[in-house]
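*Asks:* Following the hints, complete the assembly by docking chain B onto the known chain A.
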Amino acid sequence: MALELKSSDNKIFEVEELVAVQSETIKSLVEDGCADNVIPLPNVDSKTLELVLDWCKNHVDMKLDEEKLKEYEDKFIEVDQAVLYDLLLAANYLNIKDLLNRACQKVADMLKGKTPEQIRETLNIVNDFSPEEEEEIRKENLWAFEE
Amino acid sequence: MKGQRRESMEEEEEERRSERQRIERAERAERRGVLRARPCGCGGTSSNSLSSSSADDYKDVISSLPDCLLIHILSFLPTRASVATSILSSRWRSLWKLVPVLDLDQRTLFSQSDTEYPGPTTTNSNFSFLDAASNIWTLRNAIPLSKLRLHWTSNCDSFLVETWVQDTLLRGSLQELNLYIFINGPNPPLEMPTTLFFSSTLVSLRLTGDILLNPPPASASASTFPSLRILVIGGVRYAKHNSISTLLAACPVLQDLSLSVETSNFYGLGESAGKVNVIVLIPTLKTLYVQWSADDCWLYKLQINTPALEWFRFEGGLGEDVVLENLPNLVEAVIELDDDDSNSVDYAKRVFDFSRPLLNVQSLKLSIEDAEIFCNPYKYGIPMFHNLSSLMFYGEHRPDWCAWDVVQLMLCQAPKLQILALKLTLEDQSYHSDFKRHYHLKEEFYVPECLSSHLTTFYYEGFSGHGIEMELVRYVLKEAKVLKTMKIIVESNLGSKAKHCIHKKLMNFRRSSRTCQIEFDEGHLDLYMMSL
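The listed protein sequences correspond, in order, to chains A and B. Just so you know, we're using the working numbering here: the first sequence kicks off at 1 and counts up by one. Just so you know, we're using the working numbering here: the second sequence kicks off at 1001 and counts up by one.
Note that these hints are calculated values from the structure, not bench results. This structure is a prediction, so every number in the text was calculated from the model and none was measured. This list has only true hints and no planted wrong ones.
SDA-like mimics (lysine to any residue), calculated; alpha carbons at most 25 Å apart, straight line: (1) A/Lys-97 to B/Ala-1081; (2) A/Lys-112 to B/Ser-1064; (3) B/Lys-1097 to A/Asn-141; (4) A/Lys-47 to B/Cys-1068; (5) A/Lys-97 to B/Asp-1256; (6) A/Lys-11 to A/Glu-50; (7) B/Lys-1286 to A/Asp-98; (8) B/Lys-1097 to A/Arg-102; (9) A/Lys-139 to B/Asp-1131; (10) A/Lys-97 to B/Ser-1146; (11) A/Lys-114 to B/Cys-1068.
Isolated chain A, as found in the complex (with noise of 0.2 Å):
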């Protein structure tokens, strides 16, 4: 049983249900009977989706093979910060438990380990502070700042 997703630039996707249906979002619009036509993703371009397939079908592909699944996954993930929060982003809209997982998981693995400033570097947050409000920050937690 094939379905047809259509991503935000009007490209469309064929792929089997026993792979769609790793996003609840769209298993929850199948079990309604709504999945009989072709179903947009006004949230998800094309290359994001492209990704997000390959995910679900790997994941049907290699559900035994809790090793091969790991070594994809840890490949799967190695994208740069704009593509990590596509993916991000889409599986949360999609509702796919794993891939939203693995992305958050990644992210976080970014900033382990990292002072405040490398990790304002890493991910170009802009420090919005005036240095009287950073102490007081810092005060509040001072355990957790000490290097």
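*Replies:* Same frame as chain A, but now just chain B:
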């Protein structure tokens, strides 16, 4: 009056000034081409603009994600790192407080690296765990928690923890609770609040240490755990002799149970009128791990009747009242039976009765210490493991270990065995020089069926090259007609010359299987406990 008004006016002026400054800073940031943080719009935010719109590397892309996603990301960080994000920017200041997961571990809270194996409790001279944990709790301001884990083994403040647990339970959305608490000194244990036993949301409950459990009796209103699937109780205190039974009876949908039963659980309760009953009668249970105190086993009665059970692990002694029944779906059993010092015939019968429901398993792991008690049931017939395809012996052994009989016996009793594994560590190195006795494999009149037709894999970890070990390997290589893989991992403490010598000997043994590959591993010092 006038003075006060002037003060408040000054305050207002100060506020307005800092607000202006904040706006100006943000405007400057925006002019530098930074996206403003968007409010939470779960599921509705467009992903189009992030990667495709511009190759500008200076965009603060992450802050454009909705709050719910940032909070989810923070839940994957160790607590310290999560709290530290409060200083990144005003957007991030309070996000960590909204994470519904809290992990407070005395060993790792102050560590800066992501250590997988925490060492002993880190004592930071500047901060106390108590202060840091209390601070976190206050700042979070009772935002509901779905998962709480607390590991506090040095000077735990039980009153404080009781308050935290009570507060968390009252918020009503707790799904996972994990407490590992030890209170130093003569102080009373932490009393779990009664509200715990009325939690309809709890899915996983793990308790170990100086914790007192007093589950309300089943008759007093429906106090059950309607959602509880995982229950792990290690060495806690019970308020009544029937507390364990009460607790187990309140878990109708439980899937995984791990229970440690010992005398200290009932400390201060005096003697029970009858035996302490531990009845595991749970139709949904899939895995069960019981650590059963052997010391006073006549005081306890253990009854297990779990038709859906797939995995069973038992460590302990077999008292008179240990009944195991109805395990038709059991796939794997891991057994460590303490020997009965009196070596009575009665004990042999008990071992036999205990083994009967295990005869259909596909995989069996036996602790080699005292494994020879499995040889005794000969008098009552020889139990056959007809479905057994994988057999492992694990544990610490000594060179004068005389339980090799069990290995041979099991080979004869498992006709369809495909995998034979030994995962051993040598107990005491000083035995090497004293080792003079030679044990030999028993002479058998027939070759066990599994060796002629089923055994494909032989795995031996902790091989030390002693006489009988070599004999076993030689025997298997000679008789196993369909053997495909033999992997030997040598005891890492041996010298390289000895290892080389062993390797050479092994390669010279006659093999009856032409397709057999021998893998020889020099072994490396494994500092961590091997997992089962």
